[in-house]
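Use these hints to put chain B onto chain A, whose structure you have.
Here are the chains, one letter per residue:
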Amino acid sequence: MRRKTSLYISVALIVGILIVANLLSSDYFLRLDFTEDQRYTLSQATEDILDELAEPVTVTAYFSEDLPPDIARTKSDFRDMLVEYANTSDNMVVYEFVNPNDDPEVEQEAMQNGISPVLVNVRDQDEISQKRAFLGAVIQMGEEQEVIPFVQPGAAMEYTLSTNIKKISAVDKPSIGILQGHGEPSINTLPQVANELFILYSPEELTLTDSTDIPTKFKTIAVLAPTDSIPDSHLAQLDAFLTRGGNILLAFDRVEGDLQNAYGRVINTGLESWLADKGVQVEENFVVDASCGAVTVQQQQGPFTMNTQVSFPYLPIVSNFAEHPVTAGLEAVIMPFVSSLAYTGSQDTSNTVKFTPLATSSEQSGTVPAPAYFDINKQWTENDFPLETLPLAAALEGTIEGNTEAKMVVIADGGFATQGGGQGGDNVNLLVNGIDWLSDDTGLIELRTKGVTSRPLEQVEDATKSLIKYANFLVPILLVVGYGVVRFQMKRSIRQKRMQESYA
Amino acid sequence: MRTIWIITQRELQTFFDSLIAYILLVAFLGFSGFFTWLYGSDVFFVGQASLQSFFSIAYWTLFFFIPALTMRMLAEEKRAGTIELLLTKAVTDRQLVIGKFLACLLLIVIALLFTLPYYFTINSLGEVDHGAIWCGYLGLILMSAVYISIGVFTSSTTNNQIVAFLSALFIGLFFHIIFDVLADSFTGTMGEVFSTLSLSTHYESLTRGVIDTKDLIYFFSLIILGIVLSEVSLSKRNLV
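In order, the protein sequences belong to chains A and B.
For the first sequence, our numbering begins at 1224 and goes up steadily by one.
For the second sequence, our numbering begins at 115 and goes up steadily by one.
Extracted from the complex, chain A is given alone in its bound form (with noise of 0.2 Å):
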């Protein structure tokens, strides 16, 4: 016989102990990331980056108290994280968390600092106000400060605050070189790409003048979407550089698509030709692909008009990728109006030159010889694409020009990174991944795609389709009656027996 109190007692103690323990759980934690890109564990990239920290980084996390929980939570997030990075960095990364709410001179540092509030819906005795809310931190290192004005949730996060430390950590940050003056659009025209070079480089805008040769600062020359014919003079400028040892990343348009007349046609720029002569052929065709993007198309339907999208294979989405530094994690690259390329040098090993195709088409895909006039409202059939894995950007490694090591990526579309970059972040991957790797850095690459977002299942067809849906809900449930069956009848078959005996 127990007593009651003891009962109660022993049972307030477990309470108790069991209360303690989820409190202390949220101080004292151990994560295991079972993820298969390890999403929420630190990556090499970052470890890297505050293993070079020369002084302390200090984080100043402006962040509003009292938020609802979902939005609480990339706050103790954000914290989780620079725990690890205050850990990993042994303290070089200091941190400290204020709230602008309290005071308004912190709000207004927080909003000179480049902060500014977002309005949150927050729920207060039965009314719902909206509320000013701070997610920003300040990065600073020394005199050198970047800001971050929103703090995105997830795997984000750690990019953002790696890339930032990065900016302002790096020191003597190799020259890259946009090449200008033949129609190539400017730094300013492409902030994204620009952003995420700044981080690693420093890009500057190269004009080549006949009298000059290449300053020797530049180690990468990028070349982006040229229109007009580059002289000759240009073209032996950029050989020396070669020669030398300089590497070139290169993407250009070999023809043009215009979607306002429904036209497409040759451009010639000179580079055509100069890269045939190093064993690379950019075709003079448009790649159509099954997998593509779409356009909208206004179409006249009785007295209305309607906007409907329609798929244009001549708006190919790539992705077939190698398995190699510039396209590693890399989903799908929009690649608009490409053409393809092929190396017509010698495969043998005893080439000095190296050729990696880094990117090709899909499985269902064909090619339109330029020029060609587009008929949007055509329906594809099977029949339009009967070419498979058609290269459409590669690498090129060895003694490219001279005897010198050189290295150049070659991309049969230049409008992709420039016209492109708004609908899908993996085109400016895909480019600064190239120029990651020419310059000899691919720390970054792991760290930008880290998070795969998309998994796609193979395309099956409709019957096979129905076969595995079918099955998936039948077989388990087959297999449960079915073990009952068996059961129901062995007992059955067991009684009887026993019956049969006691009778005999």
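None of these hints come from the bench; they were simulated from the model.
Quick caveat, the model's predicted, so the values are computed rather than measured.
C-beta: ideal position from N, C-alpha, C; glycine also.
A couple of the hints might just be wrong.
BS3-like, lysine-lysine: derived pairs with alpha carbons at most 25 Å apart [what the hints assert, rightly or not]:
#: 1; chain 1: A; residue 1: K1298; chain 2: B; residue 2: K328
#: 2; chain 1: A; residue 1: K1390; chain 2: A; residue 2: K1298
#: 3; chain 1: B; residue 1: K192; chain 2: A; residue 2: K1227
#: 4; chain 1: B; residue 1: K203; chain 2: A; residue 2: K1227
#: 5; chain 1: A; residue 1: K1227; chain 2: B; residue 2: K350
Some chain A residues flagged as far from chain B (calculated, every beta-carbon gap over 10 Å) [claimed, not checked]:
#: 6; residue: D1260
#: 7; residue: R1262
#: 8; residue: Q1267
#: 9; residue: Q1368
#: 10; residue: A1694
#: 11; residue: K1720
Below, chain B without anything else, positioned relative to chain A:
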């Protein structure tokens, strides 16, 4: 330990000798399979190689099935008077409660094993994040364990199965959804407390593919609490 295992085996045998196990398994697999493969945001509609659609439907089906499974555990023994017989044998209250708890948990694990074909199918159709899927299954098992311990507790308080079923559902509802809703309408500490109490917060954290001691401690606290309270309510009959 041996005694517990004998009770567990006995209970499991009873499940499979009566219709309970079959009805539960067929209904669970029917509901889950239907919404995972045939209707709503099914696998092919979402087009992603993940079991997310299964996990979100199983989160609800298990919530409803478990009280139906646990309601008779102790209530029936009390009503029929067999509990006295049981406890006069060399079986302690704790052994009985844990044995019954384990039997229910094993049945749920068996039910989940029957959904492994889903995993193999999706694995053959695309690239699967294996870690996230195993953590998802772990989350389902822990969640079931919590509701089983709640169900065993409510079953120990009454000798009426319907009362046990409804009160288990009522208590479960708080952890399943009400705390989550409350958390959204409070800010600051109160919001955090409700958010910590909400089972869905911890379940979602697990299904991401990250095993966090915070979540494990939460689940095990509720399981232990349920089992201890059941034991207490059973032993009340002997109190002076």
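Verification of the hints:
Between the alpha carbons of A:K1298 and B:K328 the distance comes to roughly 17 Å, so the proposed pair stays at or under 25 Å and holds. With a C-alpha separation of about 23 Å, the suggested pairing of A:K1390 with A:K1298 holds against the 25 Å cut-off. For the suggested pair B:K192 and A:K1227, the alpha carbons sit about 21 Å apart, so the restraint of at most 25 Å is met. Taking the CA atoms of B:K203 and A:K1227, the gap is about 23 Å. The hint holds against a cut of 25 Å.
Distance restraint check for A:K1227 and B:K350: the Cα-Cα separation of roughly 8 Å lies within the 25 Å cut-off, and the hinted pair is therefore satisfied. Not every Cβ of chain B is farther than 10 Å from the Cβ of A:D1260; the closest lies at roughly 8 Å, contradicting the non-interface assignment. With 10 Å as the threshold on Cβ separation, the claim that A:R1262 sits away from chain B is violated: the shortest Cβ distance comes to roughly 7 Å. Every C-beta of chain B lies more than 10 Å from that of A:Q1267, the closest at about 18 Å, which supports listing it as non-interface.
Distance check on A:Q1368: its Cβ is at least 31 Å (rounded) from any Cβ of chain B, clearing the 10 Å threshold; non-interface status holds. With 10 Å as the threshold on Cβ separation, the claim that A:A1694 sits away from chain B is violated: the shortest Cβ distance comes to roughly 8 Å. At roughly 17 Å from the closest C-beta of chain B, the C-beta of A:K1720 stays outside 10 Å, upholding its exclusion from the interface.
Violated hints, in rising order: 6, 7, 10; the structure is consistent with all others.
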